[in-house]
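J.: Sequence:
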Amino acid sequence: MEPIKSFELSKEYLESLREGIAFQDNDFIIESFDGANVADIAALLDELDLEEAIYVLRLLPSDTAADILIELDEDSLIKVIREMEPSELAALIDQMESDDAVDILILMPTKEREDVISYLQEKEKSANILDLLRYDEYSAGGLMAKEFIKANQNWNVVQTIEEIRRQAEKVEKIYSIYVVDNKQHLLGRVSLKKIILASSDTKISDIYEPELISVPTHMEGEEVAEIMRKYDLESVPVTNAKNRLVGRITVDDVLDLIREQSEEDMQAMTGISADVEESDSIFRISKARLPWLLIGVIGGLMGAQIIGFFEDGLSKYIALVSFIPLVAATGGNVGIQSSSLVVQTLASKSVFNDTPWQRFIKGLLIALVNGIVLGSFVFLVVVFIYGFESIFGLTIGLAMFCVVLLASFMGTVTPLVLDRFGINPAMASGPFITTANDLLGLAVYFGVAMALLKL
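Residue numbering for the sequence shown follows the working numbering, beginning at 3 and increasing consecutively.
Read the hints as simulated data drawn from the structure, not as lab findings. Any given hint could be a false lead.
As the list claims (entries may be wrong) - Straight-line Cα separation of at most 25 Å, BS3-like style, residue types lysine-lysine; simulated pairs: (1) Lys81 / Lys13; (2) Lys232 / Lys175; (3) Lys172 / Lys152; (4) Lys125 / Lys113; (5) Lys152 / Lys205; (6) Lys185 / Lys172.
What the hints assert, rightly or not - The calculated label-pair distances, taken between Cβ atoms and stated as ranges, are: (7) Arg261 / Gly449: 39 to 49 Å; (8) Leu257 / Leu199: 27 to 37 Å; (9) Ile32 / Asn184: 45 to 55 Å; (10) Ser12 / Glu236: 26 to 36 Å; (11) Leu295 / Ala331: 15 to 25 Å; (12) Ile297 / Lys456: 29 to 39 Å; (13) Asp51 / Ala170: 34 to 44 Å; (14) Glu114 / Ile284: 27 to 37 Å; (15) Ile309 / Lys289: 25 to 35 Å.
C-beta atoms are modelled at their ideal positions from N, C-alpha and C, and glycine is treated no differently.
Can you make the complete structure from the sequences, with help from the hints?
T.: See below:
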């Protein structure tokens, strides 16, 4: 097969790239990457061996290599930066905005991180990075970049344009020009359009807009994301406790946070105890899945014990065994539905949301309606279609009603309790709630049978 000469995201090109690396065909590698998007190049490097990925990065200009480094998968990124010398990594970090630099440095041990920072050429960047490292990773302070464009309210348009030119060298994307006073207090913003259209001696204080949404450094990243979504913002300024402008958060930073947290929630809901991907090793994926699987197995064994406890009664009404899957499955489904709705509400908090007590009452009423409908349906099917006695049908129907109530209660209360103690409530939507409802459902099922059928 003829080797592919131009860049494309395909297995064929990946093989051609590997051949180019093996034969050190540097011209082919550099020429084929010309014009390619750095995110696509990073996706290819994620598929290469560590030595191959580092070989490619060292071939490329430092600004391109820095952009690719930012886009690498976290597992690949950790391996790459571990292999790089501090001075080599510092040269790439010098090309990044401060928030991207911190995202990489935070993955390193403190001693190695300090070594890299000591090699940075720009002292201002070093100071900015050290400042950002003080904040929690998922707070507004941890998400913000220190590179932004600001104008003093006392400047005229000519001064402002000169400052924009100077400051823009360090800012990759310009969304807004923030207006500050002599003490760096945030006053508002001014658009480029107004600056261009204004006369040269016009002061910024005469044309800036004071209405501006900002966020404090301590605000949770999820709240920042909700504000930017609600008001359709491309960027938002960040202020400290004294309302001094200290940074800005852009929409791409928020999108990264939303993606990471969505993945965490999905893994929590499916009972995966660590951050894993399909490309990880068999051992790592198994290690992440086993804890909740073991809990599920233990729950199943406990369920078997509950059934065994009623073995004598089951010998009288062997048909009870046939309806165990029905009760267990319904309880699991109701529990997951209830917990998923509560988790969704907790994820999009609003001042207009119901209180926990109101949510509980509403969940209880929904459970009553669903329990009556499902219990009545099962009673009618068991008696009039399957031909069992009315007392037996009443037992199955009443057990179904009780299980729906209990499962709804568990599904509503569990995520609220977890959220109250600072634990990811998404855990309540996975194996945890399913296993708990299976055990409680069996206990309720046989408890009703004991009462009505005299087991």
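J.: Evaluate each hint against the coordinates.
T.: These are the hints, each one checked on the structure:
1. Lys81 / Lys13: Satisfied, since the Cα-Cα distance of roughly 23 Å is no more than 25 Å.
2. Lys232 / Lys175: holds, 22 Å
3. Lys172 / Lys152: Between lysine 172 and lysine 152 the Cα gap is close to 12 Å, so the pair holds against 25 Å.
4. Lys125 / Lys113: holds, 19 Å
5. Lys152 / Lys205: Given pair lysine 152, lysine 205 holds - Cα atoms ~14 Å apart, limit 25 Å.
6. Lys185 / Lys172: holds, 22 Å
7. Arg261 / Gly449: 39 to 49 Å: holds, 45 Å
8. Leu257 / Leu199: 27 to 37 Å: holds, 32 Å
9. Ile32 / Asn184: 45 to 55 Å: Holds, at about 49 Å.
10. Ser12 / Glu236: 26 to 36 Å: About 33 Å separates the Cβ atoms of serine 12 and glutamate 236, which means 26 to 36 Å holds.
11. Leu295 / Ala331: 15 to 25 Å: Roughly 19 Å apart at Cβ, these two residues keep to the hinted range, so it holds.
12. Ile297 / Lys456: 29 to 39 Å: holds, 35 Å
13. Asp51 / Ala170: 34 to 44 Å: This hint holds: roughly 39 Å between Cβ atoms.
14. Glu114 / Ile284: 27 to 37 Å: holds, 29 Å
15. Ile309 / Lys289: 25 to 35 Å: holds, 31 Å
Comparing the model with each numbered hint stated earlier shows that all of them hold.
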